[in-house]
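Chain order of the listed sequences is A and X.
full-length UniProt numbering numbers the first residue of the first sequence as 1 and each following residue consecutively.
full-length UniProt numbering numbers the first residue of the second sequence as 1 and each following residue consecutively.
Please keep in mind that the hints were generated in silico from the structure rather than gathered at the bench.
Here a beta-carbon is modelled for each residue, glycine too, at the ideal position from N, C-alpha and C.
Heads up, a few of these hints could be off.
Sample of chain A residues at the chain X side, in silico, Cβ under 7 Å [to be verified]:
(1) P45
(2) K114
(3) L399
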Amino acid sequence: MRFQSQKVAYWFFATCMLLLSLQIVYGFIMGFARIGFDGLHDFIPFNTARATHTNLLVVWLLTGFMGAAYYIIPEESDRELYSVKLAYIQLLSWVVVGVIAIIGFHFNWWEGRKFLEIPRPLDYLVVVNVLTFLFNIAMTIWEAKKRSTTQLVLFFGLLCAALLYLPGMIYFDNQTLDSYFRWWVVHLWVEGVWELIMGGILAFLLIKLTGVDREVIEKWLYVVVGLTFLSGILGTGHHYYWIGTPKYWLMVGGIFSALEPLAFLGMAIWALNMYRKKGKNHPNKIALYWTLGSAMMSFIGAGFLGFAHTWPAVNQWTHGTLITAMHGHLAFWGAYAMLVLAVISYAMPNLTGRKLFTGMSGYLAFWASNIGMLGMTGALAVAGITQVYLERKLGMDFLVVQKEIIFHFIGMLLAATLFTVGITYFIVDFIRHGLPSNEAVGKNAGDLE
Amino acid sequence: MLSKSQARAFFLGGTFLFSAIFVFLTVDTLRQNDSRTNSQNMTADVLKGKEIWEKNNCMGCHTLLGEGAYYAPDLTKVVERRGATWIDVFLDDPEAMFPGERKMIKYGFNKEEKGQIIAFLDWVGKIDANGWPPKPNIPIDSIATPQVPQAKSNAVVMTQPEKFSQLCVACHAVGGKGGNVGPALDHVGSKFDSDYLNRWLSDPQAIKPGTNMPKLPLTDPERKDIVTYLSALK
């Protein structure tokens with residue numbers, strides 16, 4: 001790391017690792033419930049496990065984005081963070097809010113709106129927290145002598161993510177409107193501003209890891225995020241087919257969803273091309289694996305698998321089935337989880353001064369978790385297609401069909417075990433790196449800028 | 001080749017243009033919302049029902065308008081499919097209706113709350129959702145070999161009592177129609193006499209402890225009708 005204050009990022013990353021582990025535990029609870037082992041029903045019923053699983057995902061990814069921002073912004077701005085103290089206070093309060101929310105879920109305290117289950121009083125705390133975070137980042141950029149596109153795109157992404165949290169806090173009596181504005185948060189985050197954040201982080205990593213000229217990388221960053229917004233904003237329409245909104249959403253949503261893979265394809269081509277043009281080899285190969293892996297997996301999971309079921313004529317059958325869960329797993333993994341793991345892989349040796357990227361365990365972590373996740377996605381895909389045919393096309397009863405697909409959930413649990421092995425390797429490596437050290441300040445391992 | 005400032009113009013211009021279109025379409029969607037969702041029918045009960053739905057995170061298992069968690073059935077058309085009476089009984093003890101199956105929490109809603117949930121689901125079922133969910137479009141006969149014709153049942157001849165078609169068919173089949181949680185009732189009249197059937201319906205547990213058959217809330221005349229009907233199934 002270049003600056004003392006970048007150390008803050010370490011504690012965000014450590015929180016990430018903790019929350020990710022917990023998310024996996026809740027995933028297993030749900031997987032077992034699906035094959036009939038629901039012994040925890042009285043303590044952690046499925047809806048609790050589900051809310052905890054998805055909210056932990058959102059929280060650990062946001063924690064990762066924040067950590068990434070605290071790491072990247074000082075380096076891009078060429079100065080220390082505006083306030084280290086504020087960053088620690090922000091992390092602490094963020095964790096407290098998260099813990100209260102998750103405990104609350106176990107006592108039937110929530111808002112009951114998919115992905116936005118966090119109860120209203122805590123929503124306000126989240127807003128205050130995120131504003132604190134943005135203030136700190138904004139002040140750092142404001143007082144910097146240097147302006148870079150990467151820095152600004154990242155900040156713009158984080159700012160929009162905060163603003164778009166607000167429509168989710170308006171209460172609507174009408175279920176259709178409730179749903180309509182809930183997607184403003186969920187879709188416009190995941191398929192809009194989060195991609196902006198992703199683009200910013202990716203640009204930073206590519207600059208560092210490939211050594212390609214900043215001007216070239218940043219020009220393409222604009223093109224990629226431009227494509228994202230061009231398709232993603234009206235792509236929200238694919239959530240509006242069947243919830244009671246006008247029929248033109250079928251056309252609008254269909255067309256723009258079909259364009260959405262372009263943004264991800266652009267991202268993948270961009271990353272691979274920059275890698276091809278690289279000046280010389282960066283020693284941190286593992287960070288490069290995660291970076292390029294994220295760009296490619298996001299195309300497969302978010303781009304291609306999303307494309308596979310958002311066309312209205314297809315979606316009328318797949319809507320509300322396990323097909324969505326299939327797409328969701330690989331999309332989040334490829335686009336955001338892998339990206340956060342890429343930042344962590346890149347930052348850890350720099351933060352601690354220990355170059356653990358030469359060992360075998362980093363590769364094992366990468367391959368086991370990726371193959372595991374592909375296996376889970378495959379199992380969900382087969383289960384989902386079976387469900388669509390038996391339940392939707394033939395009209396068989398929901399519960400009868402669920403019994404037919406138990407086998408695929410056993411497969412999913414096996415793949416999840418492999419995934420967990422990979423993540424365990426990653427976390428063990430994380431722990432082996434130790435704490436950030438003062439000796440590491442001012443040095444970066446093999447950067448090519 | 002594209003310059004950096006052109007790339008930036010593409011990003012900013014595209015974002016602005018498509019955001020503007022999105023806002024415009026949103027305004028139009030809001031304008032049409034009342035008629036598409038029959039918002040005039042959103043009674044106090046419907047609103048209360050929505051609150052109960054959210055307070056208990058029902059979407060954490062069920063889906064509604066296809067949105068939710070895929071662990072339990074979609075409830076968009078549940079009032080049309082099962083009927084209010086059935087849902088009312090089901091909510092008292094969900095596990096009793098589907099013994100040994102996927103579990104649902106026993107919330108202990110009172111009569112009023114159950115009515116509110118049903119009112120909410122009934123309203124949701126009538127939203128104009130562009131024809132979703134679609135009707136199954138592959139006839140099951142086209143892929144399965146035709147079943148051996150069943151012994152003729154007189155079930156078709158005799159009309160089912162209202163309560164029977166509201167409650168019993170969820171688990172039991174008559175003449176090939178109905179659920180398969182409990183045994184088919186095609187010949188139940190030749191197996192049991194009406195006195196036994198009456199006692200069975202009054203309190204299943206007293207006759208066969210541990211049975212999965214729930215004690216249904218039937219008035220005396222309703223029970224009598226069902227017993228008469230069952231006795232005729234020979």
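Comparing the hints with the structure gives:
1. P45: Because about 5 Å separates P45/A from the closest Cβ in chain X, which is inside the 7 Å limit, the hint holds.
2. K114: At about 5 Å, which falls below the 7 Å cut-off, the nearest Cβ of chain X leaves the hint on K114/A intact, so it holds.
3. L399: With Cβ-Cβ at 6 Å, under 7 Å, it holds.
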